[in-house]
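Engineer: Taken in sequence, the protein lines are chains A and B.
In terms of this note's numbering, the first sequence opens at residue 1 and continues consecutively.
In terms of this note's numbering, the second sequence opens at residue 1 and continues consecutively.
Honestly, the hints are just simulated from the structure, not real lab data.
Just so we're clear, the structure is a prediction, and the values are computed from it rather than from any experiment.
Beta carbons are placed, not taken as given, at the ideal position from N, Cα and C, and that holds for glycine.
Any given hint could be a false lead.
Rough simulated footprint, nothing fancy, chain A against chain B, three-plus residues with beta-carbon under 8 Å [to be verified]:
1. 48-56
2. 123-132
Quick list of the computed label-pair ranges, beta carbon to beta carbon [claimed, not checked]:
3. A/Thr61 to B/Ala139: 50 to 56 Å
4. B/Thr133 to A/Ser124: 29 to 35 Å
5. A/Gly142 to B/Glu155: 49 to 55 Å
6. B/Ala12 to A/Val47: 23 to 29 Å
7. B/Ser13 to A/Asp87: 37 to 43 Å
8. A/Gly142 to B/Lys150: 30 to 36 Å
9. A/Glu121 to B/Val147: 34 to 40 Å
10. A/Gly105 to B/Arg54: 37 to 43 Å
11. A/Glu147 to B/Thr133: 39 to 45 Å
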Amino acid sequence: MANLRTLISSTFAALAVGTTLAAPAQAQDYKIGDLKITMPWTRATPVGSKVGGGFMRIENTGKESDFLIGGSSPIAARFEIHEMAMDKGMMKMRELPEGLEIAPGKSVELRPGSYHVMFMELKSPMKEGEKVKGTLKFKRAGTIEVEYRVDALGAKAPGQGGGHGSGSGKH
Amino acid sequence: MLRIIRIGAWIASAALVVALATLVWLGPSNKAVRDVIFADFGAPINLATHDGGRLTSADLKGKPFAIFFGFTYCPDVCPTSMLELTNTIKDMGKDADKMRFLFVSVDPERDTQEHLKLYLSNFDPRIMGLVGTPEEIAALAKGYRAVYEKVPTKEGYTINHTATIYLMDAKGKLAGTLAYQENAASRLAKLKRLVGAGA
């Protein structure tokens, strides 16, 4: 019996340690008001490129709509909120003048090929592995400081390589 | 009576569109059909290159090429496409030297030759950048059925544009396309076939 208790408590202890170790590696979550922002990330930009996209998931746990209406970053002169879509082989981009709505009880994914924030007039290229600071401004919740992790050029999801099948995109 | 003729004409043209679309759909497997439909596909090239030279259609004679219309202020499609192309060129090995790779800027206003040179330094050196006047670029894009349009944003503009890479054979005829984010194996197979190295 004593053995069983030891076993159980050591299992829990191991689980607890595992969780603590695993959690900080990935989680980059922020909370402001009713909004939860998960893992902001961006991608390395080619030398000479003046723009970069920022991505994250925003969840609204509240009862009213909120809108991402702006933001800033010290690395860029300007900051915009865009939607991208492919339409019959054509890449279409548009600015969302009213901001991006996050409906109550829903979450919105900002990702490559879809909604994203744009860092415009970059002061220098973003390099893989770096962190980029910035703010996000919401109509209701207000302004919050976040940090974006810079992933590989051409990465399609956070933590992914640069679009090469074998993962050797980082030459 | 006029009304019937008009309706008839509409039906006839709709049928023609469907027929053409079917032919285009079957196209990749039927070279003869494709050659007829796309007989006038493409346009003469005579543009400044990113490294300060000039490229004309004569330079391309007898060599297949891949051509893409983009711009350096493009946040997603262009760098991703050029990165994928760079990877495919590496995968091709020596076969890549049997063809040319062209990046035409559809943003003459911001993409100077020097700026394009800096931008392309991120990618395989065999990708050649081309710049021209708005009129030169418009004429070239028209020949390739590539479309682009300026979209104003709060304090500037971005550009909507065709994200397809066109593959032209050694005779300057359309041989196929690479779609945005087409998988690596398929891209490699198409380019190898284009240079006659088998798929």
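Engineer: Each of the hints needs a verdict: does it hold here or not?
Structural biologist: Structure-based check of each hint:
1. 48-56: violated (count 0)
2. 123-132: With 1 residues close enough to chain A, the hint is violated.
3. A/Thr61 to B/Ala139: 50 to 56 Å: Holds, at about 54 Å.
4. B/Thr133 to A/Ser124: 29 to 35 Å: 31 Å, holds
5. A/Gly142 to B/Glu155: 49 to 55 Å: Given a distance of about 24 Å, which is not inside 49 to 55 Å, the answer is violated.
6. B/Ala12 to A/Val47: 23 to 29 Å: 54 Å, violated
7. B/Ser13 to A/Asp87: 37 to 43 Å: Check failed, 23 Å falls outside 37 to 43 Å.
8. A/Gly142 to B/Lys150: 30 to 36 Å: With a Cβ separation near 34 Å, A/Gly142 and B/Lys150 satisfy 30 to 36 Å, so the hint holds.
9. A/Glu121 to B/Val147: 34 to 40 Å: 26 Å, violated
10. A/Gly105 to B/Arg54: 37 to 43 Å: 59 Å Cβ-Cβ, so the 37 to 43 Å window is violated.
11. A/Glu147 to B/Thr133: 39 to 45 Å: 43 Å, holds
Figure legend: structure checked against the earlier numbered hints; hints not met, in rising order: 1, 2, 5, 6, 7, 9, 10.
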